[in-house]
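Asks: Here are the chains, one letter per residue:
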Amino acid sequence: MFVHLQGPWNPVWGRLSLQAIPYQNPILLGTFTFAMIAALAIVGAVVYFRAGPYLWREWFTTVDHKKIGVMYCLLGLVMLFRGFADALMIRTQQAIAVGPHSPGYLGALHGYLTPFHIGQVYTAHGLIMVVFAATPLLVGIMNIVVPLQIGARDMAYPYLNALGFWLTAAAGALVMLSLFVGNFAHGGWYGFLPLFELPYSPGVGVDYWMWAFQLSAVGTTMGSINLIATIVKMRAPGMTWMRMPIFTWASLSTNLIALTSFPVLMVSLALIGLDRYFGTHFYTAGQGGNLMLYNDLFWVWGHPEVYFLILPAFGMMSEIIPTFSEKTLFGYATMVVASFAIGGVSWGVWLHHFFTMAAEPSVNSFYSVTTMLVGIPTGVKVFNWIFTMYRGRVRFELPMLWALLALFLLLVGGMTGMMNAFATSDYMWHNGVFVVAHFHMMVLLIAASIFGGVEYWFPKVFGFKLEQRWGKWFFWFMVLGTAWVFVPMFILGFAGMTRRLDYIPVTQWAPYLRVMLVGMAFYVMALGFFVAHLYVSLRDRVKNRVGADPWGTTRNLEWMTHSPVPAYNFAYIPHVHARDEWAWRKEHGMASLGNESFEDIHMPRNTGVPVLLGGLAFVLCFALVWRIWWLAAAGLGAVVLVIILRSFARDTDEVIPAKTVAGVEGGAQDALPAPARG
Amino acid sequence: MSASTNTRAQPGSTVLWEKGDAAGHDMLGTRTFGFWLYMLTDAMVYAALFAAFGVLAHNAGLTSKSMLASVFDAQAAYRDTIVLFTSVLAYGYAMVALKKGSRGGVAIGTAVAMILGLVFLAMVGSDLERLFSQGIVPQLNGFLSIVFTLIIYHALHIIVGALWMLVMLMQMGRDGFTSNVVYRLINLRIFWHFQAVIWVLLFVFVYLQGKII
Ligand code: HEM
Ligand SMILES: [Cu+2]
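These protein sequence lines are chains L and A, in that order.
If you read the first sequence in my numbering, its first letter stands for residue 129, the second for the next number, and so on.
If you read the second sequence in my numbering, its first letter stands for residue 5, the second for the next number, and so on.
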């Protein structure tokens, strides 16, 4: 039934053997040592402080949306670091391996990475940044903020939410494991067919790529079901659609995109799997296969995916800019319409990722036009933000700085996107570094909004503000790094440099490549400032304690409860009277947190099932990668069994007694919020 | 100007906080809504698979139709259709019984639906068996790959549905009509009807195509 493999295989270990461990490679050995030291330090700390039971009780088994959100963000940060390390390797390799006389180290002819190795590095970089860094960070922030903004105590499916997180984490772990056991795909993050077919990529790299991708897609889809149902069904009384905070709107539209597009990704990947495991002919070069089918299916997901990433970023900008301009958001209704217009149009543009692949001129023109259409709602948003700031009292605190950087990067990325949208000009630079620079502007915009959002909502979740001094150093060095890396990249794109090179034949490009390396040095320093930022903030956490409304000019429901938010979010569910309810209450002198007598609160009970399922999914995918059929069968059987057994559980809820609630509310230091400004 | 000026505020008489456990919400409604969202993702999976079917059939050109006509047995598929539809009907009766609160009625309807689902599986399975033994396998070409993938993916849903029915019979026996049991029965109805709808598409595109169309 299964395809015939080249190379060894045995029934017990599948394709796994000691040769799969790349101990001869000094870079991987170093990484392994580093990872082991970090892991030992963490495990040691957990054992030393006897934190194991606490972690299990409060975090691993939690169904609390805020804690799950925080774990998503931590996962995203770890993977962001990994992706950054990959980027460093690509940039240094390209700065060294220029021209025939460039030196070679560690077995590489030029530079220090062999073509196979750097192929894995850029594939991992792309996949990790899109799927395992940006996505978890955004999903994490939506997880934390959306229920608070709609005045809910919990989400629609807390259990599903935890499951989605643990599946995503398992997928991330799979990518990490590929560093030390086996290898990773080497043909680019979005896959190339038929290069990714078994005969041309006989190793396990593509399988790692495919299963990690697939698993994270399942996790994200579950998350989107939960978020949509939460927004539609769990809003506080009085919160009509047009009173919904704009970030919640953005979350709704972005999760509608995820809900409808991720299944297509699953199909496009599953068909590669069928080809590789069963020998079918979906994407093969002969026997009726069609490799364009892959490109279409993949980018039918791929383009909506980039808007899935950007809409929550827009949502965060729309929260931050009004708060720090001390004004209401300009053009609320047009913002909502624009979010959905972007979501809708994103479905009809995917072909712009392969204008050069032999479509008729009429087809190319159609997709050119639809792609340019995206600029209209995006433009509406840009003007709305600018008009929000116009005549506002703009305060340049950290969240606002990040939001402004995001706005600036959006302009650069959007304009260059428009340039890509002309099929005729795209013919000249497709698969070149101009395109790479374009989408990095976009993705860095998302990263900037994420940092802004984290600065903005951090006090809500943890009860203290992040300090500003090191944070500003971090910000400005990120700006410097971005300028020094990507301005030269745009220039090189015009000069004709193609992407994913392991060796650069044109020596005239060397200066630009070195300038980019300087940019990377700025980024490294930024990383240092980031660590200092976190360290100083944690050290001074008592000094930086805040009340319910740390920024003074916030507008929405999430600021109407204590910081840090209690497990049940709101002791009483708020009744909503206006858009920007909190601002409205402050304006009308009703800004109290309203705590007198308390009632019992029903909440879902913690459960270890999601983390167990995450672990089983990890085992299942690992077994599939290495074709250990008995283990795969056992893993699948265990997954099904656990799901069925869990469905028999009766005791899934618990009650927080009124006395406990009173204790928490009384103990909070912020019974009265800071007086309203503006 | 703030967006809120159109609402007049009367401090004192304005309700700011809801008393009572408002967190209860509409549990059944939320569960079914979420399940509809899940069905949408499954519909997207099928949409992508049928799109692939269109592309790969186009690749195979004329041979696809003659292959479908000569290889796939429309009459057998017609019998499958009858069985699956009867199963859906039986489950429909179970839902009528649920409205009346009759445990026995729901149990019988669900059991019949489950057995018919298994019969359907056996029939489809034996048909596949026959094709495979003649050397008509998914590995032959891209077109057959997608045809068999569609059939088997649908059959997997039927397996899941049958298993789900078994679980429901057990939970109903243990708990009666608790809200957990009721929402799952309702969601199962959505699931089961959807599989019948997909089967109609399969029947038309795979089994009838080449015969009449
Ligand atoms: C005004 C909006 C946008 C337009 C008109 C636009 C246009 C384009 C076009 C035409 C391409 C294909 C270029 C080529 O491969 O030759 C492209 C690539 C890309 N864009 Fe955009 N884009 C826009 C927004 C975005 C956003 C918001 C993101 C991400 C959040 C993004 C991320 C990407 C990525 C990742 C690629 C390349 C993927 C790859 O080849 O690896 N774009 N864009
Ligand atoms: Cu695109």
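Be careful, since some hints might not be right.
As the list claims (entries may be wrong) - Taking beta-carbon pairs under 7 Å as the criterion, some of the chain L residues facing chain A (in silico):
no., residue
1, Gly407
2, Ala413
3, Gly414
4, Leu419
5, Ser490
6, Ser493
Unchecked claim - Pair by pair, the computed Cβ-Cβ distance ranges are:
no., chain 1, residue 1, chain 2, residue 2, range
7, L, Thr368, A, Gly177, 39 to 47 Å
8, L, Gly414, A, Arg134, 52 to 60 Å
9, A, Ala51, L, Ala413, 22 to 30 Å
10, L, Gly414, A, Gln138, 41 to 49 Å
Honestly, the hints are just simulated from the structure, not real lab data.
Cβ atoms here follow ideal geometry from the backbone N, Cα and C, with glycine treated the same way.
Asks: Next step is simple, just say for each hint if it's right about the structure.
Replies: A quick look at each hint next to the structure:
1. Gly407: With Cβ-Cβ at 5 Å, under 7 Å, it holds.
2. Ala413: Constraint on Ala413/L not satisfied, violated at 11 Å.
3. Gly414: 9 Å, violated
4. Leu419: With Cβ-Cβ at 10 Å, over 7 Å, it is violated.
5. Ser490: Hint on Ser490/L: violated, closest Cβ of chain A at ~18 Å, above 7 Å.
6. Ser493: 22 Å, violated
7. Thr368/L with Gly177/A: 39 to 47 Å: 44 Å, holds
8. Gly414/L with Arg134/A: 52 to 60 Å: 27 Å, violated
9. Ala51/A with Ala413/L: 22 to 30 Å: Since the Cβ atoms of Ala51/A and Ala413/L sit about 26 Å apart, the hinted range of 22 to 30 Å holds.
10. Gly414/L with Gln138/A: 41 to 49 Å: 23 Å, violated
Of the numbered hints listed earlier, those contradicted by the structure are 2, 3, 4, 5, 6, 8 and 10.
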